[in-house]
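Top line first, the protein sequences correspond to chains A and B. In terms of the working numbering, the first sequence opens at residue 89 and continues consecutively. In terms of the working numbering, the second sequence opens at residue 63 and continues consecutively.
These aren't lab readings, by the way, just hints derived from the structure by calculation. It should be emphasised that the depicted structure is a prediction, and the values quoted were computed from it without experimental measurement. From the three backbone atoms N, C-alpha and C, an ideal C-beta is built for every residue, glycine too.
Coverage of chain A stretches by chain B, computed from C-beta distances (three or more under 8 Å per stretch; other residues unrestricted): (1) 94–106; (2) 145–155; (3) 161–168.
Coverage of chain B stretches by chain A, computed from C-beta distances (three or more under 8 Å per stretch; other residues unrestricted): (4) 308–316; (5) 339–347; (6) 568–578.
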Amino acid sequence: MSVRVRLFGLLRLDTGIRELELEAGSVRELYPKLAEELRRRDENCPLKEKDLRGCVVSVNDRLSKPGTRLKDGDVVCLIPPVAGG
Amino acid sequence: MTEYAGYMGKLLLIDLDEGSEREYPWTDKDRELYIGGKAMASKIMYDNFTGREEPFSPENMIIIATGPVTGTFAPSSNRFDISSLSPLTGITASSNCGGDFGFYLKKAGLDGLIIRGRSDRPIWIEIQEDKVSYHEAGELWGMRTGETQAALKKKLTELHGPKGRYGMVSIGPAGENLVRYAAVISGERAAGRAGIGAVFGSKNIKAIVASGNREVKIFNKEKAMEHHKKWTAALKAHPITGSQLPRLGTAGLVSTMQMRGQLATRNFSAGRFEDFEKVSGEALAEEENKGNTGCLSCPIRCSRTVEVDGKKVKGPELETLGLFGANLCNDNLNLVCRWNHELDELGLDSISCAGTIAWAMEANERGLWDNGLKFGQVDNISRVMEDIAFRRGIGAELAEGSKRLSEKYGGKDFAIQSKGMELSAYEPRRAVGQGLGYAVSNRGGCHLNGGYLVVLEGLGLSIDQQTPKAKADLCMFMQDFMEAISLCGHCLFTSYAVFPGFLISKPNSPMSRLVNSMIPHCGWAVRMLNKFPAMAFMNLPLIPYTYELKYAVGMKMNIGRFLRIGERSYNVERAVNAKFGVSAENDKLPKRLTKVLQDPKDPKSKVPLDRMKATYYKARGWGENGLPGDRKLKGLGIK
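The following block holds chain A by itself, in its conformation from the complex (with noise of 0.2 Å):
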C-alpha cells in the first residue's frame, strides 16, 4: 500500500523533510521502512526506528494505534509526544 507520511514537530526540524511516501500494509510496518528511507536520505540522521516507534500516529486525522492497516492513499502523520502550554 503506498501512504502519504508526514512528520510533525521535531521529527520534522530534524529531518527537514515534511512529506515523503512509503509501501507499508500497517503502521507496525512504516516504522522500519521510515527508518530506513531516512537514513537512505541521511546517514547521519540520528532517528532510531525506537524513536519512530514513540511517536504519536495518526492516519486520516484519526489517532491509530501500531496494528493500524493501512490502505493506498492514506495519510500517516507522525509526531513525538509533546507537552506544556
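Guided by the hints, dock chain B onto chain A, whose structure is given.
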C-alpha cells in the same frame, strides 16, 4: 522580619487615598502556611474583603507577590503573581508572570506589595528599597507598553544615572480604558489574564518600578547550589524541558492537539482545523522564528523571537497561536505574530480577546449582532484590537468580554467562558478532565488554575481522553501540586520534568501503556493522599521543589506538607470567592461543551461535567454547594 532565608521579611501596603505606606503584618507562621505568591494574596483578600467590594472601587486591592525561591538562582524561579478582584469575573483573580520584576521587588527589600485606594491623577510608583516615590504619569498616559517602558528607562536614567537596573510593570491603553481583560506587561512578559491591567487603570497607576541592592539570603548555599546544578541538568536532559520547549516553544503543541481533536476551532465548534499546519509550531519554527529566549535564571528558554516591522519581538505562545489561528479560522501565521506583538503593546490578554472576537464572529454569523466580523476574515483584526483597547466603535462592546455580550445579544450557549473568563485553546470535549478543570477553576476558564489535566490526557501522558474515571481526583491533585509550585516562585514548566522521561518519549512502550492505563484506576490513592498527607512524609528526587524549600529557604518540608500548602491555597482562594457569591452553580461550562457532541458519531465526545463535579467536591471535602465549610477551613488553618 523573618527567621527564614529566601524571604525579605516585608510586605508593604500602599494606600493611595491616604498617600501613606506601612508594613502589612505577615508572620513566619503565615509563611509556613501560605509560602508566598497567590496564596499570600488570597489570604490577604480573605482577611480584608467583605464581599461588597467592586473591581473598580478604591477598596479593591492589587497584590503583587513573590515566592521565597525568587532571587536564589534556583532554575526557573523568578515568576511573580498579581492578584486582585477581576473586572472580567467580579471574583478573585491571580495572574502569574515571568521576566524579572519579582527579582527586583525582592532586591528592593519586599516579598510583596499591596496597593489600595485610588490616585487622583495618573502616576507611576517607584520603589527603591525603603523609599516609595509617586511620579506624575501624565506624559505616559496613552502610551503603549513598549513606549511606556522605554520612556520610564529614560526618566530613570535622568533621575539616577545610567547604571541603575530596574524591574517594571506597566499597562497600555487597554488598562487605561478599563477593558475588562486588560493585561499588565513586564518587559515582554504578561500577567495577562483576568483584567488586572484595568484595575491598575482604575487606580490611575500607569506603571510600577522596583530596584535595590538587598541580598536574598540562601539558607544553605552549598547544598542549594549543588541542588540547582542537579536540577538544571535534569531539566536539560528531559525530552520536554530540554528539547521540545527550547526548540519549538509551547507552539509545538498545535499539531498534537490537532491529532487528538483538542485544537479549539471556529469558536470551539470543532477540535480540528483543516489548515492547522500553516499556523503550527513547525511553521513558526521554519518561517518566523529568529531564536529563543528565556526568563531570568531559566534553562528552558521556551520563548520565541520573531520579527515584526524589522524589530525583533516576542513570538506567539500556543494560546495565541491556537485562539487567533484555528479558533478564528485564520491560517496566516505572519499576522498572528504581528497581532501577538500588538496585543502586548496595547496591553490586552490574548486569550480573552480572541475568545470574545470568536464569539462575536459567530453571533454575527447567526444574525444576533451585526458587527462585521467573520470567521476567516482577518484583514480587520488589528483595527478591531485597537478599537477594543481604546473602546471605540464595536471595540467598546468587545471590551466587555463574551459573557456580558452574550447576556445582551443572546448566544450564551456558545460564549466559551466559565465564570466570565474565556477558555484557553484546549477543546475540552476531547480532554474531559480539562473540561472539569475549566469549570471548577477559581478564576474562571483557565487551563492552569483548572489543573491542566490535558497534560495527562494526550499532551504529555496518554491516559484516556474521554473517560471521567479518576479525573476529579486527578484534577484536585494537579491543582494543589501546581499551586504549591507556583507559590514558591517557580515556573510550572519545570513540573513537566517530574514525569519520568520514558513516559513522555516512549508512550507506546509496555511500561508507559501500563502506567497510562492504570492512572484512571488510581483515584482512590489520590484521595487517600489528600486525606492523609502525612503518608507522604518523604522527599523524592523527582520532586525538586521540597528540596529547594529546605536548602534555599530553610523550611521543614516534605511532599505531604507541600501538597497541603497547595490545597490550602486552593481553598483560601475558594473562600474568597464564596464571599462574592460563588457556589457550585458557577462551576459550569457553556452548553456547546457539555451537551453538543464534538463528533456526532461518538457519544463520549462531550464533557460529562455534572458527574465529575460531584466527585470533585467530595474529593475536596467540600459541600454539595461547592464550597469549603468551616470545619475544612479550620482544618487547613485558614479560619
